[in-house]
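Enquirer: Now for the letters of each chain:
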Amino acid sequence: MLVIDRLTFRYTESEHPIFKNISLSLRKGEFVSLIGSSGSGKSTLLKIIAGLMEGEDGHIYYEGYEGNRLGKIGYMPQKDQLLPWRKIIENVLLPVEIRSSNKEVEKEKATALLKEFGLSEVANEYPSRLSGGMRQRAAFLRTIMTGSDLLLLDEPFGALDAMRKQDMQRWLLSVWERLGKTIFFITHDIEEAILLSDRVLVLRDGEIEEVSIPFSRPRVPDMIFGHEFIEYRRLLSEKIREKNHL
Amino acid sequence: MKNLKKYYQSILFFLLVLIIWEIAVRQDWVPFFILPAPSMIIAGLWKYKEQLFTIHLGTTLYEVLVGLFFSVVAAILLAVGMFFSKTIQRIFYPILIVSQTIPLIAIAPVFALWFGYSLWTKIAAVILFSFFPLLVNLYDGLKMTKDDLMDLLKTMGANRWQIFRKVQVPMAIPSFFSGLKVVAVYSITGATIGEWLGAESGLGYFGRRMASTLRSDGVFASVLLLSLLGLILFIIIGWFEKLTLKNRR
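If you're matching them up, the sequences are chains P and S in order. FYI, numbering that gives the first Met the number 0 numbers position 6 of the first sequence as 5, with every residue one higher than the one before it. FYI, numbering that gives the first Met the number 0 numbers position 120 of the second sequence as 119, with every residue one higher than the one before it.
Please note that a few of the clues may not be correct.
Sample of chain P residues at the chain S side, in silico, Cβ under 7 angstroms [as the list claims (entries may be wrong)]:
#	residue
1	Ala-49
2	Leu-51
3	Gly-54
4	Gly-70
5	Tyr-74
6	Pro-76
7	Trp-84
8	Pro-94
9	Ile-97
10	Ser-100
11	Tyr-125
12	Leu-129
Anything over 10 angstroms on all C-beta distances counts as not near chain P; from chain S, calculated [what the hints assert, rightly or not]:
#	residue
13	Phe-83
14	Tyr-92
15	Leu-148
16	Leu-151
17	Ala-157
18	Val-166
19	Phe-176
20	Leu-230
21	Arg-247
Just so you know, the hints here were simulated from the structure itself, not pulled from any lab data. It should be emphasised that the depicted structure is a prediction, and the values quoted were computed from it without experimental measurement. Where is the CB? At the ideal position from N, CA and C, for every residue including glycine.
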């Protein structure tokens, strides 16, 4: 679905590159996480994939084509970015307005999904009336309404407290299993990455290392206490830090 | 009721001042032709009511509204122009900033020179006072949208115009209203000064005429009306603002 082939990127000419020849691929229907310490360039990679920036070297293919990706890939930024002057339903339909596709059909679809996401009661409320978790769900629904099969999520649960985060993880997994979308998920939470993903990519010093997570699905939150799970936690936290220890 | 609680100290003090003022004039501590008592001002308002309300208030209100209309239109055009074109921005922005060092009252006579006693002198003075704050507020408002939000819109495939219409314009509205509220009072200052320069009617003109014949009750009556006019304009704009922004954070 998405292939990145030897991508190099730096912000300015002289600077040390943020990514050095990185390659990765995402298959249809996969859940892949990207972890790394803050400042490692996770969000930058997401922006490049979304089409907001281009690498100085290398190729990116989406659905087999290289070229403009803006408007083709669903992107959910760190903050929910719901527009305060639009009701939830109007916020959710923003990508539809921008594509100017058939609004009636899409509105029906959005209404059904709002119900599924437990948001139908607040569909006609403004974002300021919603809790953090609800806002995130609304922002996620807006991302789905882009109609894209690939969704890029930039630390969507970073601002939530531990309890709410668990609920949201469980919820996201169930939604993903039903909708069959491909999700590329950024987090700095190792546990979250293992719990959710088929594969975890570790970004460190401009390079990417991949770890497959073989746990079967559907996954249950209790598995984080399992022996194997803890082994993966240890492995990944070592990989994140490796270089710093030298 | 809540407002009354919040402001009652201020209101009490104001009433106290009014009472002392009234007594001071009635006891002849201050001559009434220098400072008329509050009751005399109200009586003056009544005495000159025909002129004030049928002629002068209308003239000033007309000058203010026409001047504001042109200021708003011009501010929108230039703000949007500067926003979309770096060249326009580079040409006008420095000039506009520097132009603010000119004492506005000092250029007002130029309008009298150009437009004489006509209404345009006053309208030009209103524009002089209200254009700049409107422009700056609107322009800053348009620039307020954060890059993160712009990025989100771009990933949805939005073009420049869609981003402008769907995000940047709504984002600029609160700032536009703050400009408009400031200007509600400025525009009345502008109209008054314009009328001093030469007019045949208007509250500023009326005040000057009364002053030249030492009719202090008339002067103060016109000042009171001008203040009320500014206040009412401010309240109306604030009310529109509330209506427009009621659902925002």
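Enquirer: It remains to establish, for every hint, whether it holds in the given structure.
Expert: Results of checking the hints against the structure:
At about 5 angstroms, the closest approach between the beta carbon of Ala-49 of chain P and any beta carbon in chain S falls short of 7 angstroms, and the interface hint on this residue holds. Interface restraint check: Leu-51 of chain P against chain S, minimum CB-CB distance 5 angstroms, threshold 7 angstroms, status holds. Interface hint at Gly-54 of chain P: violated, since its Cβ lies 17 angstroms from the closest Cβ of chain S, which is beyond the 7 angstroms cut-off. Of the supplied interface hints, the one on Gly-70 of chain P holds, with its beta-carbon coming within about 2 angstroms of a beta-carbon of chain S, less than 7 angstroms.
Given hint, Tyr-74 of chain P at the interface with chain S, holds; its Cβ is 4 angstroms from that chain's nearest Cβ, closer than 7 angstroms. A hinted interface residue such as Pro-76 of chain P counts as satisfied when its beta carbon comes closer than 7 angstroms to some beta carbon of chain S; here the least separation is about 5 angstroms, so the hint holds. Interface hint at Trp-84 of chain P: satisfied, since its Cβ lies 5 angstroms from the closest Cβ of chain S, which is below the 7 angstroms cut-off. For the restraint placing Pro-94 of chain P at the interface with chain S, the shortest Cβ-Cβ distance is roughly 4 angstroms, inside the 7 angstroms limit, so the hint holds.
The restraint placing Ile-97 of chain P at the interface with chain S holds, with a minimum CB-CB distance near 5 angstroms, inside the 7 angstroms limit. Because the beta carbon of Ser-100 of chain P sits about 11 angstroms from the nearest beta carbon in chain S, more than 7 angstroms, this interface hint is broken. At its closest, the beta carbon of Tyr-125 of chain P sits 4 angstroms from a beta carbon of chain S; the interface hint therefore holds under the 7 angstroms criterion. Annotation: interface hint on Leu-129 of chain P violated; nearest CB of chain S at approximately 11 angstroms, more than 7 angstroms.
Non-interface status of Phe-83 of chain S relative to chain P is upheld: no Cβ of that chain comes within 10 angstroms, the nearest being about 19 angstroms off. For Tyr-92 of chain S, the non-interface assignment is confirmed: its Cβ lies about 27 angstroms from the closest Cβ of chain P, beyond the 10 angstroms cut-off. Listed as outside the interface, Leu-148 of chain S is inconsistent with that label: its C-beta sits roughly 5 angstroms from the nearest C-beta of chain P, within the 10 angstroms cut-off. For Leu-151 of chain S, the shortest C-beta to C-beta distance to chain P comes to about 5 angstroms, within the 10 angstroms cut-off, and the non-interface label is violated.
With a minimum CB-CB distance of about 5 angstroms to chain P, Ala-157 of chain S fails to clear the 10 angstroms threshold, and the non-interface call is violated. Interface exclusion of Val-166 of chain S from chain P breaks down, the closest Cβ pair being 7 angstroms apart, not more than 10 angstroms. Residue placement check: Phe-176 of chain S keeps its beta carbon more than 10 angstroms from all beta carbons of chain P (closest about 13 angstroms). For Leu-230 of chain S, the shortest C-beta to C-beta distance to chain P comes to about 28 angstroms, beyond the 10 angstroms cut-off, and the non-interface label holds.
Residue-level check failed: Arg-247 of chain S sits 5 angstroms from the nearest beta carbon of chain P, not beyond 10 angstroms.
Hint violations for this structure: numbers 3, 10, 12, 15, 16, 17, 18, 21, all remaining hints satisfied.
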